[in-house]
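Here's the letter readout for the chains.
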Amino acid sequence: MPMLDFLTIPLFQKALIAAFLSGAGLSLLGVVILNLNLTTIRFALMHIGLLGAAVAMILGFSPLVGAVTGIVIASLLLGPAGDFLNMDTGVSGVLFMTGSLGLAFLIFYKAGVPAMDAFALFSGSILALSLFEVWVIGALAVLIIIVFCLFYREIQMVLYNQELAESLGVPAKAIRNALLLLTGLAIGVNIRMVGALLIDAAVLLPAMAALILAKSLRSALLLSALFGIVSQVGGVTFSMAYDCPSGASITLAAVLMVILSAVYGHVTKKIRK
Amino acid sequence: MTHQAVVEIKNLSAGYGHHQVLQQLDLTLRHGEALGIAGQNGAGKTTLFKIILGLLKPQKGRVSVLGKTPDSAQTRRLMRRQIGYVPQLQTPGKMPVCVHDAVMMGRWGKGFGFFRRPTEDDRRKVSEILHEVGISHKHWQEVNLLSGGEQQKVSIGRALIREAPILLMDEPTTYLDHGSQAEIIELIKTIRLKHELSLIMISHDPEHLEAMSDRILLLKNGRLEER
Ligand SMILES: Nc1ncnc2c1ncn2[C@@H]1O[C@H](COP(=O)(O)OP(=O)(O)OP(=O)(O)O)[C@@H](O)[C@H]1O
Ligand SMILES: [Mg+2]
Chain A
8 MPMLDFLTIP
18 LFQKALIAAF
28 LSGAGLSLLG
38 VVILNLNLTT
48 IRFALMHIGL
58 LGAAVAMILG
68 FSPLVGAVTG
78 IVIASLLLGP
88 AGDFLNMDTG
98 VSGVLFMTGS
108 LGLAFLIFYK
118 AGVPAMDAFA
128 LFSGSILALS
138 LFEVWVIGAL
148 AVLIIIVFCL
158 FYREIQMVLY
168 NQELAESLGV
178 PAKAIRNALL
188 LLTGLAIGVN
198 IRMVGALLID
208 AAVLLPAMAA
218 LILAKSLRSA
228 LLLSALFGIV
238 SQVGGVTFSM
248 AYDCPSGASI
258 TLAAVLMVIL
268 SAVYGHVTKK
278 IRK
Chain B
6 MTHQAVVEIK
16 NLSAGYGHHQ
26 VLQQLDLTLR
36 HGEALGIAGQ
46 NGAGKTTLFK
56 IILGLLKPQK
66 GRVSVLGKTP
76 DSAQTRRLMR
86 RQIGYVPQLQ
96 TPGKMPVCVH
106 DAVMMGRWGK
116 GFGFFRRPTE
126 DDRRKVSEIL
136 HEVGISHKHW
146 QEVNLLSGGE
156 QQKVSIGRAL
166 IREAPILLMD
176 EPTTYLDHGS
186 QAEIIELIKT
196 IRLKHELSLI
206 MISHDPEHLE
216 AMSDRILLLK
226 NGRLEER
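As you go down the protein sequences, you meet chains A and B in turn.
Heads up: the first sequence begins at 8 in this note's numbering, then just goes up one per residue.
Heads up: the second sequence begins at 6 in this note's numbering, then just goes up one per residue.
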C-alpha cells in the first residue's frame with residue numbers, strides 16, 4: 008500500500024507518536040472536566056493562555072511559554088478563587104475568562120501587537136511539533152496516567168461527590184485543584200497539536216463517548232484512553248493519507264466515536280428491554 | 006458514661022457570606038442519645054451538620070466533637086473519623102459508581118487511604134454491611150440506577166462501615182414511599198442499638214422523628230428550641 012509510505016518518514020512518525028501519547032494520557036482529563044462541570048473553565052483557560060501569550064510577546068518571550076505559564080497560574084488560582092468568592096468553579100471561570108480576554112485585548116492595543124498574530128499561536132498543527140514538544144507531551148501523559156493509578160479511589164470520591172469526599176476526610180479541594188492544574192497543562196499542550204478551536208475534540212469528545220458506555224470510573228478512563236488513541240492516531244493517519252488538515256481529521260474522528268457509542272448504547276439498551 | 010457529651014456546640018453563629026443562617030445556637034448530644042431535629046426548608050438544618058463535620062467554618066462560637074475542635078486540618082480529620090454522615094439525597098451526578106465502591110468510600114482513612122489500597126478485610130466488611138442494610142443482592146449495581154430507598158441504604162452502609170460512634174443523618178426518610186420509609190426507620194432503630202451510636206437525625210416529618218428519637222428539637226430563627 009504505497010499510501011502508507013509516509014509511515015517511514017520521521018516527521019510523520021513523530022506526529023503519530025504524539026497523537027498516541029496525547030490520546031492515551033490527556034483524554035483521561037476529559038472525564039474530569041465533564042464530571043466536575045469544568046466546561047466553562049477549559050474555555051477560560053484558553054483565554055488566559057491568550058493573555059499569557061500577549062504578555063510574553065511584549066516581554067520578548069516565546070508566546071507558547073507565556074501561554075502555558077498563564078494557563079498553569081490560572082488553573083492554580085481558579086479553585087481557591089472560587090472557594091474564596093464562594094462561587095461554583097464554573098462561575099469563577101467565567102469571571103477569569105472575560106477578565107483575561109479584556110486584558111489581553113487592552114495589552115494588544117497598547118503594545119501595537121496585531122491580535123491576529125497572537126491568535127495564530129492557537130491554530131496548532133501536529134506536524135509542526137518539535138521533538139522537545141513531543142517529549143513534553145509524553146512526560147505529561149505518563150504523569151497523568153501515574154496520578155490516576157495512584158489516586159484512583161480518591162479521584163473517584165471527588166468526582167462522585169466532592170462534599171461527601173471532604174466529609175470522609177479526603178482532602179477533596181486539594182485533589183480538585185491538582186486535577187485542575189493537570190487539566191490546564193493538558194489543554195496548553197493540546198492547543199499546540201490541534202489548535203484552540205478544536206481542543207474539545209482532543210480532550211472532551213473521547214470522554215463523552217466513554218461516559219455513554221461506562222459502568223464505573225475505571226471503565227470510563229480505559230474507554231476514554233481507547234477512544235482518544237483511536238481518534239487521534241486514526242485522525243492523523245487519515246489526514247496524512249488523504250492530505251487533509253490534521254486538526255479537522257482528529258475532530259471528525261472523535262465526533263464519529265461519540266456517534267458510534269451513542270448508537271451502540273441505544274441499541275444495547277433496546278435489546279435489554 | 007451515658008451522660009457524657011459527644012457533640013457540644015456553644016453560642017454558634019454561622020452562615021454563608023453575609024447571609025446569617027444560625028445564630029447563638031447551643032446543642033449538646035449525649036452518649037447513646039438519638040436526637041431529632043425538625044425545621045422548615047432553609048432553616049439551616051443541613052448547615053448545622055456542615056458545621057459539626059467541619060465543612061463550614063463557624064463565624065462565632067465553639068464546636069467540639071468528642072473533645073476535638075475544628076481548628077486545624079489535622080483536628081478536622083480526627084473529628085471526621087468519629088462521624089458517619091448520611092447526606093441529604095441528591096440528584097445523581099454523571100459518574101457511574103457501583104454499590105460496592107460507594108460503600109467502600111466510607112473506609113477511607115480507616116481501612117485504606119493514600120497509598121494504601123483496600124484490603125481483603127475492607128472488602129469483607131463491605132459485604133457484611135451490605136448484608137446488614139439489606140442490599141447485598143445489589144452489590145455490583147450502579148448506584149444511580151437504584152431506587153431512592155436503596156440509595157439511602159447504600160448511604161447508611163457507607164456511614165456504618167466507618168465504625169464511628171456518631172451518626173448524622175440528613176432527611177433519611179424524605180423522598181421515599183411509605184414502605185421504604187418504614188423500612189429505613191426500622192433499620193435505623195436496629196443499627197442504633199447494635200452499634201451503640203449517638204445520633205442526630207433531620208426530618209420534616211414529626212411522626213418519623215417521634216419513631217426514631219429520644220428528644221426532638223426545632224430549628225427556628227437560627228436557634229434550636231425544645232418542643
Ligand atoms: N453553599 C451555600 N451558599 C450560600 N447559601 C447557602 C448555601 N447552602 C445553603 N445556603 C442557604 O442557607 C440557608 C439554610 O440552608 P440549609 O441547606 O441549611 O437548609 P435546610 O434546613 O437544610 O433546608 P432543607 O429542608 O431544604 O434541606 C438557606 O437559605 C440556603 O439558601
Ligand atoms: Mg437540608
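Please note that a few of the clues may not be correct.
Unchecked claim - Label pairs and their calculated CB-CB ranges: (1) A:V274 to B:F119: 49 to 59 Å; (2) A:A118 to B:R122: 27 to 37 Å; (3) B:H24 to A:R225: 23 to 33 Å; (4) A:T275 to B:Q95: 41 to 51 Å; (5) B:K194 to A:P87: 51 to 61 Å.
Claimed, not checked - With a cut-off of at most 27 Å between alpha-carbon atoms, the simulated DSS-like pairs for lysine-lysine come out as follows: (6) A:K222 to B:K73; (7) B:K115 to B:K73; (8) B:K62 to B:K15; (9) B:K143 to A:K180.
To be verified - Listed below are several chain B residues computed to face chain A (Cβ distance under 10 Å; list not exhaustive): (10) F54; (11) K55; (12) L58; (13) G59; (14) P63; (15) K65; (16) Y90.
Keep in mind that the hints were calculated from the coordinates and are not lab data.
No residue lacks a Cβ here, since even glycine has one placed at the ideal position from N, Cα and C.
Hint check, Y90 (chain B) versus chain A [nearest Cβ-Cβ separation less than 10 Å]: Given a least distance of 5 Å, the restraint on Y90 (chain B) holds.
Supplied contact hint for G59 (chain B), tested at 10 Å Cβ to chain A: holds, 9 Å
L58 (chain B) as an interface hint toward chain A, with CB separation required under 10 Å: holds, 5 Å
Cut-off 10 Å, beta-carbon criterion: hint that F54 (chain B) touches chain A: Holds, because the Cβ-Cβ distance from F54 (chain B) to chain A comes to roughly 9 Å (cut-off 10 Å).
H24 (chain B) paired with R225 (chain A), Cβ distance criterion 23 to 33 Å: With Cβ atoms ~40 Å apart, the hint is violated.
Hint check, K55 (chain B) versus chain A [nearest Cβ-Cβ separation less than 10 Å]: holds, 8 Å
Holds or violated: K115 (chain B) to K73 (chain B), with C-alpha atoms at most 27 Å apart: With a Cα-Cα distance of about 18 Å, the restraint between K115 (chain B) and K73 (chain B) holds, given a limit of 27 Å.
41 to 51 Å as the expected CB spacing between Q95 (chain B) and T275 (chain A), which holds or is violated: Since the Cβ atoms of T275 (chain A) and Q95 (chain B) sit about 28 Å apart, the hinted range of 41 to 51 Å is violated.
Per-residue hint verdict: K65 (chain B), partner chain A, C-beta under 10 Å: Nearest chain A Cβ about 18 Å off; hint violated.
Supplied distance hint 49 to 59 Å, evaluated on CB atoms of V274 (chain A) and F119 (chain B): violated, 41 Å
Straight-line alpha-carbon gap K143 (chain B) to K180 (chain A), limit 27 Å: violated, 31 Å
Restraint check for K62 (chain B) with K15 (chain B), where alpha carbons must lie at most 27 Å apart: holds, 14 Å
The structure fails to meet hints 1, 2, 3, 4, 5, 6, 9, 14, 15 from the earlier list, while all remaining hints are met.
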